[in-house]
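S.K.: Now for the letters of each chain:
Protein chains: 2
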Amino acid sequence: MASNSSGSGSQGRAPQRLRIIAGHLQRPVDVDATVSAAECKAQGGEADVASDGKSVPKRRQEIMKWNGWGYSDTKFLFNKKGQAEFTGKRYKLSGMIIPALKEWMEGTFGTNMQHKSLATPALTRTAVQPPTLNEAFVEELKSTGVPFSHDAEDRVFRAHGHCLHEIFALREGKVGRVPDLVVWPNCHNDVVKIVELACKHNVCLIPYGGGTSVSSALECPQEETRSIVSVDTSQMNRILWIDEKNLTAHMEAGIVGQDLERLLNESGYCTGHEPDSMEFSSLGGWVATRASGMKKNIYGNIEDLVIHVKMVTPQGVVEKSCQGPRMSTGPDIHHFIMGSEGTLGVVTEVTMKIRPMPEYQKYGSVVFPNFEQGVACLREVARQRCAPASIRLMDNEQFKFGHALKPQVSSMFTSFLEGLKKFYITKFKGFDPDCLCVATLLFEGNREKVLQHEKQVYDIAAKFGGLAAGEDNGQRGYMLTFVIAYLRDLGMDYYVIGESFETSVPWDRVLDICRNVKARIIRECKDKGVQFQPFSTCRVTQTYDAGACVYFYFAFNYRGLSDPVHMFEEVEHAAREEILANGGSLSHHHGAGQCCAAWAEVMESGRVERCGTSYSADTTMC
Amino acid sequence: MASNSSGSGSQGRAPQRLRIIAGHLQRPVDVDATVSAAECKAQGGEADVASDGKSVPKRRQEIMKWNGWGYSDTKFLFNKKGQAEFTGKRYKLSGMIIPALKEWMEGTFGTNMQHKSLATPALTRTAVQPPTLNEAFVEELKSTGVPFSHDAEDRVFRAHGHCLHEIFALREGKVGRVPDLVVWPNCHNDVVKIVELACKHNVCLIPYGGGTSVSSALECPQEETRSIVSVDTSQMNRILWIDEKNLTAHMEAGIVGQDLERLLNESGYCTGHEPDSMEFSSLGGWVATRASGMKKNIYGNIEDLVIHVKMVTPQGVVEKSCQGPRMSTGPDIHHFIMGSEGTLGVVTEVTMKIRPMPEYQKYGSVVFPNFEQGVACLREVARQRCAPASIRLMDNEQFKFGHALKPQVSSMFTSFLEGLKKFYITKFKGFDPDCLCVATLLFEGNREKVLQHEKQVYDIAAKFGGLAAGEDNGQRGYMLTFVIAYLRDLGMDYYVIGESFETSVPWDRVLDICRNVKARIIRECKDKGVQFQPFSTCRVTQTYDAGACVYFYFAFNYRGLSDPVHMFEEVEHAAREEILANGGSLSHHHGAGQCCAAWAEVMESGRVERCGTSYSADTTMC
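Order-wise, the sequence lines are chains A and B. So for the first sequence, the numbering used here puts the first residue at 1; every next one is plus one. So for the second sequence, the numbering used here puts the first residue at 1; every next one is plus one.
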């Protein structure tokens, strides 16, 4: 029988509950017999990709870049012929030429293939400060059997997320304060021991899941003198049970998205939670950061998916004692955990809802004459509560960007078709190629319902001047999801730096926020002497009843500027101010982290405002 | 332009934001011009039913019972002919004879029309302790202009909710510790002043919305020596704005459900939030208790409906500074507020989602051969995610109970039809009248979609032996919603006491929990010497992906027992233990209040467990 909790408290609770239930049995039961909850028997083993099919080895640098995004065997580069190419074998785009990318980069950023700003190829160990080891902690740690390391590479790997400034610094070989020790707990009980020891010996813990944070959440405080230990959860990554009656599954928090879905798929299920980071991001990280997934319209965001959470804190283990679907028993403690971003404890185990895998999937796309019509269409789709699994609207700049990422087509016939479509859309239907926008769609579910649903959505789109543009364009849009992140490294090879940021905003502010933020970025860059106009673009990536999620990209060529990262941060700060001024939130799903610390301020009246929450207080909110 | 917040903090924020937005205007703007947020101009007026159409006067006892449920002009009684009758004019059932009720009560409880246990008709003022007035507080209160009273009737009215023991005591004329003062703030700013004064003068505040608590949340601590002030929100009940672009509306927290829906309906909208208490319960109360509504399958529970909340706390006003539909900016503070049950502050204003009123509504009902098949059907409906606006399954006892509440039919023809139906179901289809169960359904939405949806649900029902039993039965089931609560007062006139309680539980435990809890109640009553077997019944009232809400009724004839309320509480406690043992939560929607304090315990290991949440701690969770 599955045990929802381990630890001494349940030893008292389980026998009591069994005694109560036993009262209903027809035959008498020996109530003096000792009842004990089964100990979690999950074995900690040497997990590696080959034997378990799990994606994350202990020494991640064996397969992942130490100073860039993703897998080491995958990158964008310009080949000997000067064509853009995507290396490796992991993705649909892998091994393909992308003919239009070079011209797009040159036109958009003024990049010059002769002018390179390559990264330091390997970490210089001497750049890494020796670890500050708390000897007493390490001694006791040894007796727990939990694997650990203070190797420089292991420590540097876990010292950062993927904010621009973090990657820029690594590319320059610069390393600041990093964790002193890395530990790899194998299960919840290991984490309990680690947290106990940390409390006992005054050691800092930083939970480390996928390392995909884009909110500076993993940055070690420079001035921290205590020993910092990175708690790497990647080896506690098992699915402990699947409950087909209740459609739930219970996992260790270190499991990453691609493994979770793949393993559930083997049983015909899925969580349907598909954040763009899902190749690397972990269940614990999703819970801690209030993650959102591409198909939240069907499956919900993380707060809709979570049934039970176990978190180890300095005060002990926090968890509910039942799996009721919805309760009114005081404030929902899951909501103290979700959004705590690693500051309150380590999430160790989570029960999530699962669904049968969808019977049928269909992509789609719609071309709109302009962004305004597209937004109006998405708003109407939301109003009618008929959004597909995913619906995203990109602006004209992203449409062109997407075009530039098209792989070389092998057949002349396909090329001819592309040309035909273009003619039809621009000349015949009168769409202006410098205004038009594209929405990509994904429908999932029962086949008959999907086709009905599709008709309803396209009918709405037509009312806003939208023209169905085929499944291919939709599918390609989604296929690019996992490869886009690799592009920044290519940009950074050619003096281009960029970042994405996102917000959530009421419907009636969507157009303003898109226009104003993009314009503000351009103006700020101009004022700061950036030569080439920056790439400033947005898309509406999620719809809700009362508003939408808007995702911005911002990138520019920094060649000739003395302190590009600092300047970049000033522009980004201005962009975030613009977002707030236009009624947007600090973040829809990336999280506040430390990058939003600037918005924790004491106001004149003594009110502290942070991240969209106001308190009147004499002291700063902690 | 609507202002989301008042107070000095926004005075700094609004000008700053306007300056930022002004940066985008084509023509120059005088940025030195003073910008100030518009003060909330909502007038506090003498609200009464006639002039404003609002339901709750300051002196509630003018229209509501002081020692029972609901309106004074409405009650169940046995008329001179010995027939059960429902008096008044407010409800569909009003003015009707209920022919079968008397026999059902006699058969179920062994009630005897000669043996009455009538309530004390009027409050004896001398039973009420003189108020403990904090003179300094009262003096400063006078200068605020906020109306107040220390009249005994006003104080007693707000000293209780509707737990059995509370009403039982009032019927006996017994009055314990009650609030010393009642205040009626007219708007948010009034509440700010009240809270400031309470902090300054060390006065307790108890927020009072609808007074419909069934968790002892309103009980004043007997030993409290400080002055207790009841903050009655009924006069701050305005809809401040409706935002048709974002489909949201902003209300003062004292508005009650029936007024909110009626006023929104005038503009073609609704919240769709329909708790059974909606005639009297308030928006602030829903937020504080994590309320659930009958049609949550379409509209969501309160946590799905709320976009923005303003709460006045001793530390100041807590509110988010934007209306983004979903954010990741740390833990969601709305979830500190929701479920706080009046312990952390006073909720003053709330923005909720609204929807266009449904185009079409259709009721329905399904008869199942037994409860197990009914539950299996509801589980499958949940699995396919095709639940109607409402779907509820009652057990056989409730089916019979519902039958007993049928009003006298005026036409012989209708009676004949009823007889025909009964014949068809029992003799022709072979349903056993002592096993069969009924599910009531409500569909809402676009007419075409409703009919499709209806077909899908009935097809599923047929797979589980379910037989469509017509719209009438469905409609009657829902019509009884608001009158059921009046029945307890009738019961209490004839030595019958009863209570409802509810839980949420995973799907695979639903049958166990229903069977075991009902059996436990019967066994406990028997062991305690209750003469007549108690009425012990349940229904599944809500479906979720991962489980359901189960609602229990429990009532018995206490004639001859010396301390019936104490005995009742012991049985209820045992029933709650049974619920927990079978994997249910302490509450789905009623809240924890003080009635669940027994489940806050320090366990052997030093862990504190309350209401389904475990913490390891040296000190009790506060």
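It should be emphasised that the hints constitute simulated quantities derived from the structure, not laboratory data. Check before you lean on any hint, since a few could be wrong.
A pair holds if it fits inside one copy or across any two, identical chains being indistinguishable in the list.
[Said to hold, decoys possible] Derived SDA-like pairs (lysine to any residue); straight-line CA-CA distance at most 25 Å: (1) Lys174 with Ala100; (2) Lys427 with Cys596; (3) Lys89 with Gly145; (4) Lys455 with Cys386; (5) Lys75 with Ile20; (6) Lys245 with Ala376; (7) Lys422 with Ser72; (8) Lys245 with Pro369; (9) Lys449 with Ala387; (10) Lys65 with Asn446; (11) Lys295 with Gln384; (12) Lys80 with Pro15; (13) Lys449 with His165; (14) Lys245 with Cys386; (15) Lys455 with Gln384; (16) Lys463 with Tyr269; (17) Lys429 with Pro221; (18) Lys245 with Leu511; (19) Lys80 with Glu224; (20) Lys427 with Arg559; (21) Lys58 with Lys245.
S.K.: Compare the structure with each hint and give your call.
M.R.: To see whether the hints hold, each was checked on the structure:
1. Taking the closest pair of Cα atoms, lysine 174 and alanine 100 never come within 25 Å of each other, the shortest separation being 34 Å inside a single copy and 85 Å across copies.
2. Within a single copy, lysine 427 and cysteine 596 get their C-alpha atoms no closer than 46 Å, and across copies no closer than 71 Å, so neither meets the 25 Å cut-off.
3. Taking the closest pair of Cα atoms, lysine 89 and glycine 145 never come within 25 Å of each other, the shortest separation being 37 Å inside a single copy and 75 Å across copies.
4. Both within a single protomer and between protomers do lysine 455 and cysteine 386 lie at most 25 Å apart by alpha-carbon distance, with minima of 11 Å and 20 Å respectively.
5. Within a single copy, lysine 75 and isoleucine 20 get their C-alpha atoms no closer than 61 Å, and across copies no closer than 40 Å, so neither meets the 25 Å cut-off.
6. Taking identical chains as interchangeable, the C-alpha atoms of lysine 245 and alanine 376 lie at most 25 Å apart only when they sit on different chains, with a minimum of 11 Å there against 41 Å within one chain.
7. Within a single copy, lysine 422 and serine 72 get their C-alpha atoms no closer than 37 Å, and across copies no closer than 73 Å, so neither meets the 25 Å cut-off.
8. In this homomeric assembly, lysine 245 and proline 369 come within 25 Å of each other (Cα to Cα) only across copies, at 22 Å, whereas the closest approach inside a single copy is 48 Å.
9. Taking identical chains as interchangeable, the C-alpha atoms of lysine 449 and alanine 387 lie at most 25 Å apart whether they share a chain (13 Å) or sit on different chains (16 Å).
10. Proximity of lysine 65 to asparagine 446 under the C-alpha cut-off of 25 Å is found in neither arrangement, the shortest distances being 40 Å within a copy and 53 Å between copies.
11. Within a single copy, lysine 295 and glutamine 384 get their C-alpha atoms as close as 18 Å, and across copies as close as 17 Å, so both meet the 25 Å cut-off.
12. Proximity of lysine 80 and proline 15 under a CA criterion of 25 Å is satisfied in neither setting, with 71 Å inside one chain copy and 56 Å between copies.
13. Taking the shortest alpha-carbon separations for lysine 449 and histidine 165, neither the intra-copy value of 46 Å nor the inter-copy value of 52 Å comes in at or below 25 Å.
14. For the identical chains of this complex, lysine 245 and cysteine 386 are inter-copy neighbours only, at 17 Å across copies versus 28 Å inside a copy, given an alpha-carbon limit of 25 Å.
15. Taking identical chains as interchangeable, the C-alpha atoms of lysine 455 and glutamine 384 lie at most 25 Å apart whether they share a chain (14 Å) or sit on different chains (21 Å).
16. Taking CA atoms no more than 25 Å apart as the test, lysine 463 paired with tyrosine 269 passes between copies only; the shortest distance there is 24 Å, against 37 Å inside one copy.
17. In this assembly of identical chains, lysine 429 and proline 221 lie within 25 Å of each other by CA distance neither inside one copy nor across copies; the values are 57 Å within and 74 Å between.
18. For a Cα distance limit of 25 Å, the shortest separation of lysine 245 from leucine 511 across copies, 13 Å, qualifies, whereas the shortest one inside one copy, 45 Å, does not.
19. Proximity of lysine 80 and glutamate 224 under a CA criterion of 25 Å is satisfied in neither setting, with 47 Å inside one chain copy and 84 Å between copies.
20. Taking CA atoms no more than 25 Å apart as the test, lysine 427 paired with arginine 559 passes in neither setting, with 39 Å inside one copy and 89 Å between copies.
21. In this homomeric assembly, lysine 58 and lysine 245 never come within 25 Å of each other (Cα to Cα): the closest approach is 35 Å inside a single copy and 51 Å across copies.
Hint violations for this structure: numbers 1, 2, 3, 5, 7, 10, 12, 13, 17, 19, 20, 21, all remaining hints satisfied.
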